[in-house]
Every structure is written in structure tokens, then in C-alpha cells.
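J.: Take these sequences, add in the hints, and give me the full structure.
So that you can map any letter, position 455 of the sequence shown is 454 in numbering that gives the first Met the number 0, and since no number is skipped, the others follow by simple counting.
Any given hint could turn out to be false.
Stated by the list, open to error - With beta-carbon atoms standing in for the labels, derived distance ranges: (1) Arg357 - Pro431: 33 to 41 angstroms; (2) Arg357 - Arg104: 31 to 39 angstroms; (3) Ala335 - Ala252: 34 to 42 angstroms.
Source of the hints: derived by calculation from the structure; they are not laboratory data.
C-beta atoms are modelled at their ideal positions from N, C-alpha and C, and glycine is treated no differently.
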Amino acid sequence: MMDFTGILLQGSSLPLYEQLYRGLAGAVRSGQLAAGEKLPGKRSLAGQLGISVNTVDAAYQLLAAEGYLESRPRSGYYVLAVEGLHAPPPQPAADPPEPAPAKWRFDLGTGGVDRELFPFRTWGRIQKELLYSQPQLLERGDGQGDAELRAVLADHLRQYRGVRCRPRQVVIGAGIEYLLGLLARLLGEQAVLAVEDPGYSRAGRVFANEGVPCRPVAIDAGGLSVGALAASGATAAYVTPSHQFPSGVTMPAGRRAALLAWAAAGPGRFIIEDDYDSEFRFDTRPLPSLQGMDQSGRVVYVSTFSKSLAPSIRIACMVLPDCLLQPWRERYGGYACTVSRFEQQTLCRFIAQGHLARHLARQRGAYRQRMEEFRRQLAARLGPGVKIRGQHTGLHLLLEFEGRREQSLLDAARGEGIRISGLGEYCVAARPGPATLLAGYGALPPADIAPAAEALARAVERAE
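T.: Rendered as C-alpha cells:
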């Protein structure tokens, strides 16, 4: 019979019943208490340990519930066989320290936005109103997204992007990656996706993770080459026609018509149009969407509010053609929407009350001024050896250097504490031309424009 007098943990702040439970469970796992062995009665053990009968009863009840003990009527508690637990559990390996995030003096990444431009007061007021006046938003909503938001988005996309859709075609989700992951399974088992090269590599990774093979297709001055697309054997194409990422080119009307003709010419062909930053066109009104030109129902339109609001507000939308609506409902009809209904309704009111239109106008003005000053500072400091492109659309400039090594430029820039990427980083099979840096200015404070341009100029001088 085991000696129970030392089973309680000396100096422990744990409740006595939990100390007893842990001690007895450990004795069962280690084999000190053998299967079939009878434990002392509750009064007997309570007397040995100087604790209450209720404390012993609570520990015994917990051990019985977890399968360590068996209670036999009018007999007592007996140890159960617990296979595979006699050996002490291995000590977990210490987690390696997580790398500290890099600290940059200047953030010229392409994904940044200016936090100061976020409409804190308006967004917060709407959320507060909803929190106190709409308790039903705590209930589960429509899996495609709240009907009110889908209706407002359908109208917004029609007015500003020329998208032709009904609310029932709109799907709301927490980010583009989530929606693309679901879409991948609707393209068919034999689907092959063409991705722009260079292009947005994360989209290709999402489809590849879902088992859809991806084939890089070259772009030229008009965007994705339709001839190369036809030769690739792909059944779907992922494109950014309004502002190709990362090259910045805009797909002209003739190329768009040829791309739509390719999709209409074969069964099961689709175009996925990512309209990721169409709001930021500085010289003219944003070009109409490719989806708005589609007459055969082969374009899936996706967009997000990551740039126009904030990356952490994970609200994205997808417009499905009619032919994919029923497959979507059959596969995902039981899914819940991944965006909080309070966030959905906040965005719904933000758009419906005209705040988004005013916010975008304010953003365009601020970003245009920033772009023009950044371009002026770069041109003055880098001189005629650099060609600056991309000033008409989006939130990054392309700096093209003839006769330089792109990696050397990147290494030198990062040595100056500048976060920046190169065009070659987005290439798969394509052979990039001149060394090109992508200088984002979305997260660059106006006060840092001149110092950032000066630091970049120093880096260029040192690079090969």
C-alpha cells in the first residue's frame, strides 16, 4: 500500500483538492498505484492528511471522471488500468526564440498605408451606435455576408468600377486569400491557373496550396500576354488589369477584349480579376473593370478594403458569375461568414452614408501630394541615371536603373535601413530587364520623404 502522507504539495498555492488530484493522478501514471488497487476510504484518507472529507471527495470525483479511478457501490474507489501513461511524459523541447521583427528607418514596402488617414472618429462612432442599438448582430448572419452590405457593395462597385452584379452574386470574406482559397475548389479538378509573371506571388501560393497547378505567363507593356496564356494550357487566369502588380502597367481595351474572348472560347475557363488598388488613380477616373466588359459570365471579380481603409480590417469581396453561384452554395452553403457582423454593418453604413467616397477623395489628394514630392526628391538625388515610372496609379513607384545589379541595389538600400523590394523578387520564369526597385510611399510619413530619398541615393552610390 502506497504511503499517502507526502502526496500534498508543500508550499503550493493550489487548492487542496487539486493538489491531491495531481498527486494521485501522477501515482497512477507512474505505476505507484497499480491497476485494481483499492484507495483508502474518503474519511480514512482525510484523517491521514488532515484535510476535509469534501476535499478528498472532490479529488476522487475528478479522478473518476477522467478515467483514473472507478467507483464501485458500497465498496470504494479502485485504480483503473491506464495504458501507455506509466512512462513520464517527455520534456517538451524549448521553443526557439522568435526572430525580432526588423526595424527599418524608412518603410518603402508596397503594402503599407498611412494610419493617420484612417477615419477613426467616423468609424468609431458608427461602431458604437451599432453596438448599443443592434444586439441582433451578435447572432450568426448570412454565410455570404449580410444582405445589406452586399446590396451596398453591389451599388458601390457599379458606380465606381463599372461592375455589373446583383447582391446575390457578392460574397464577403476575411481577406482576399480566404476567398481565393474557397474559389480554387470551384474551378474543377482539372483546373490549371495562369498567373502573371512577374506578379502577385501570394495568390499563386493560395491556389497551389489548394491543389491547383499554377503556370507563370509573361506580361508585356499591355499586361498578360493572351498568346502566351493560350499556349500555357491554363483553364483560368489570375490578372490585375487596372494596375498590374508589380510592373504598374494598365491593360488596354484591346488586350482586355482578347482576354475575354479567350475565356469565352472554351468550356470551364475563367478570369479572376484582382482590382486591388483601383481607387488610387491620380490622373483620370479609375478605368472600368474587366468584369463590366464581360458578356459571357466568365470573370470573377475580387477586391479588398486593405488599402482604402487598413490592412487589419479584413473585409474583402468577391463577385461570382451566375454559373458559379449554385456550385458555391452546394459546397459552402453551411459555412459562416468570416467577417464580424459589426464590422460588416460598420462598413455598410460607412459606404451608404457617403463617408467612403469622401475618405477616398481625401486619401487620393494626400497620396498624390506625397507621390509628387517623393518623385521630385528621388529625381533630384538620383539624377538622370534612374527612370521613374508608376506615378499615375497605385502607391508605389518603380525606379529603373540601367547597367546596375538589382541585388546589389537592394543590399545597399537595406544596409541604409530602407525596407524595399525589387522587381526580380516577383518573377518566376520571366527574365527581368533593367534592375528595378519598387519604392512604396503609402506608409512613408511626409516628413521622411526627403531623408528617405537621400538615404536611397547613398545606397545607389555604394551599389555595384
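J.: For each hint, tell me whether it holds in the structure or not.
T.: Now the hints, each set against the structure:
1. For the hinted restraint 33 to 41 angstroms between Arg357 and Pro431, the CB-CB distance of approximately 40 angstroms keeps it satisfied.
2. Checking the proposed 31 to 39 angstroms range against Arg357 and Arg104 shows it holds: the Cβ atoms sit about 33 angstroms from each other.
3. Evaluation of the 34 to 42 angstroms hint for Ala335 and Ala252 yields a pass: the beta carbon distance comes to about 40 angstroms.
This entry satisfies every hint, going by the numbered hints stated previously.
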